[in-house]
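Please work from the sequences and hints to get the whole structure.
So the protein sequences, as listed, match chains Y and D.
Using the working numbering, read the first sequence as starting at 1 and increasing by one per residue.
Using the working numbering, read the second sequence as starting at 1 and increasing by one per residue.
One or more hints might be untrue.
Within a straight-line C-alpha distance of at most 25 Å, the following computed SDA-like cross-link-like pairs (lysine to any residue) qualify [claimed, not checked]:
1. Y/K108 - D/L37
2. Y/K22 - Y/R9
3. D/K43 - Y/G73
Between beta-carbon pairs, the in silico distance windows are [said to hold, decoys possible]:
4. D/L51 - Y/G201: 20 to 26 Å
5. Y/K185 - D/A206: 37 to 43 Å
6. Y/N25 - D/P211: 44 to 50 Å
No wet-lab data here; the hints were simulated from the structure.
Since the structure is predicted, the reported quantities are computational estimates derived from the model, not experimental observations.
Glycine included, each C-beta is placed from N, C-alpha and C at the ideal position.
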Amino acid sequence: MPDPILEARSLTKIYGQNVIFKDINIKVTEGETIVIIGPSGTGKSTLLRCMNLLTGVDGGQVFLDGKEITAKGYNEDEVRQHIGMVFQNFLLFNHLTALGNVMIGLTKVKKMPREQAKEKAMEELKRVGLADRADHYPGQLSGGQQQRVAIARALAMDPRVMLFDEPTSALDPELIGEVLGVMEKLARDHMTMLVVTHEMGFAREVADRIIFMEKGSIVEEGAPDDLFDHPQHNRTREFLWKITELYGKKEKEKAGKS
Amino acid sequence: MLVNFVSYIVQGTAITLAVTLIALPFGLVFGLTLALLHTYGGKVLNRLAALYSLFMRGVPPIVLLFILYFILSGRLLNLSAFWAGSLSLGIVSSAYQMEILRGALLAVGGGQMTAARAVGMSRLQSIRYIILPQALRIAIPPWSNEASIVLKDSSLVYALGVPEILRRAQQLSATTQQPFLAYGTAALIYFLLVFATNRALDYLSARTQLPTHP
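Below is the structure:
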C-alpha cells in the first residue's frame, strides 16, 4: 500500500465535557476519494477542520506526506496551503470578484506575480466552468456558482488533498448537480479527496472508500458496493435505510411507471 | 462692516477644519487599533480595550477635554492649546470609532477569517486582505455620523481659547451686541460643513458598495 498523503492517527477532539470524536484513524492515499457519511452532529465536520488545523486537536496526530503537522511549532499557515478546503456555506471573499477570490491565495500566500496568478486563476475557473463569470462578485452568483468558485479557489493552490465539508448541503436541489459534477470530474482526474456529504448517489458512484461515522467514532468502512449492499453493522444498515428510503421509493415509482 | 463681521467668523472655519482633520484621522488610527485588539487580541487586550471605551464614552467630552488638556499641555508635553485640544478630541473620538469598527468587524463574520486561513493566510494577512476591506465598507455610514459629531464637537476647544468658529462668534457677539447674527452665522457654517461631509461620505459609500445583482 502506498504511503498516505493525509493521515489521522487516533485523533480526538473534546469540547469541555463533550467528546466530539475519539480515536479516529483515517488514511487518504494518493488519488483516492474517501467519503465520510453519518448522522448530523457526529463530528464529521469538526474532523475535517482538525485535519487542516483550523481547529486544535486534543489527542492524536495528523500527518501530511509523512510529516506530523500537529507537532508543536509546526507552521500551520504553510500546511494549509497544501490542504484545500471547501465549506458548506461557500465562504467566498465577498469583496473580491470570482477571479479575485481565486487569485488572492496565489498573490498573497504563494507570492506569485500578478499576471501569472491571473492566468492560473482563469485556468481554474475554466476547470469549474465559470470562466465567463470571472468578473462577477459573489453577490452576483448563484449558490452553485459560488461553490464552484470556492472549489477553484482551493484548487488554485495546487493542494495535495482537498477537503469537502458538506459542499452541497446549502444548495437548492437544482444547483446540487453542477457542484457534484465538478467534484466527480476531480475524482476522475485523480485528485485526492476527503468528502463529508449526505449525497448517497455521489458517495456510491464516486467514492473509492466510504467511512460511516456515528457518535464520534468510525463504525464501519469499506468499498461503496460492500457498504451499501452488505453493511456489517446494524447502525450502518439503519442509517443507510433511513437516508435512502425516500430516494428508493421515488426510484421504484419511476421504475413502475416505465 | 457686515463683510468684516462675517469674514472674521469664516476665518475660524480654517481652524475648525484643522482641528477636525487632526482629531478624526487620529481617532481612526487609534480606534482601529483598539477595535482589532478587542476583536483579535485575546482576553487581556480585549478587556483593556473594553475598559478604555467604557470610560471614554461614559464621561462628557468637555470634561475629558479639560482633563486631557491639562495632561497634554502640562509640564510633560507642553503642547499648544490647538494641538492639545485637537488630540484630546481625537482620543475621545477613538473610543466611538473603536465601537463602530468593532461592530463592522463582527458584521464581516468569522467565516471569512476561517476561509482566509484555509487558503494559507496568516491571521495578519487575513485581517489585512480579507477582513478589513469588508469591515471598512460596512463602517462608512456609521463613521459618517461620527465624522459629523467630531466636526461639531470641535467647537468644544473654544473653551481652551482656540479661535475657531464658535470662539470668534462669541467675541463678535460681545463686541458688536449682535448675538443673533454672530451665532446664526456660526450655526450656518457648521451646518454647511456637516452637510458637505455627510454627502461626500454617502458618495464614497455608494461608490464602494459591492454589487449584489447581475
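Cross-check of the supplied hints:
Straight-line distance between C-alpha atoms of Y/K108 and D/L37 comes to about 23 Å, which keeps the hinted pair within the 25 Å bound. The straight-line distance between the Cα atoms of Y/K22 and Y/R9 is roughly 10 Å, inside the 25 Å bound, and the hint therefore holds. As the CA atoms of D/K43 and Y/G73 are separated by approximately 22 Å, the hinted pair is consistent with the 25 Å bound. The supplied range of 20 to 26 Å is broken by D/L51 and Y/G201, whose beta-carbon atoms lie about 56 Å from each other.
In this structure the hint that Y/K185 and D/A206 lie 37 to 43 Å apart at CB holds, the actual value being about 41 Å. Between Y/N25 and D/P211 the CB atoms are about 47 Å apart, so this pair conforms to the stated range of 44 to 50 Å.
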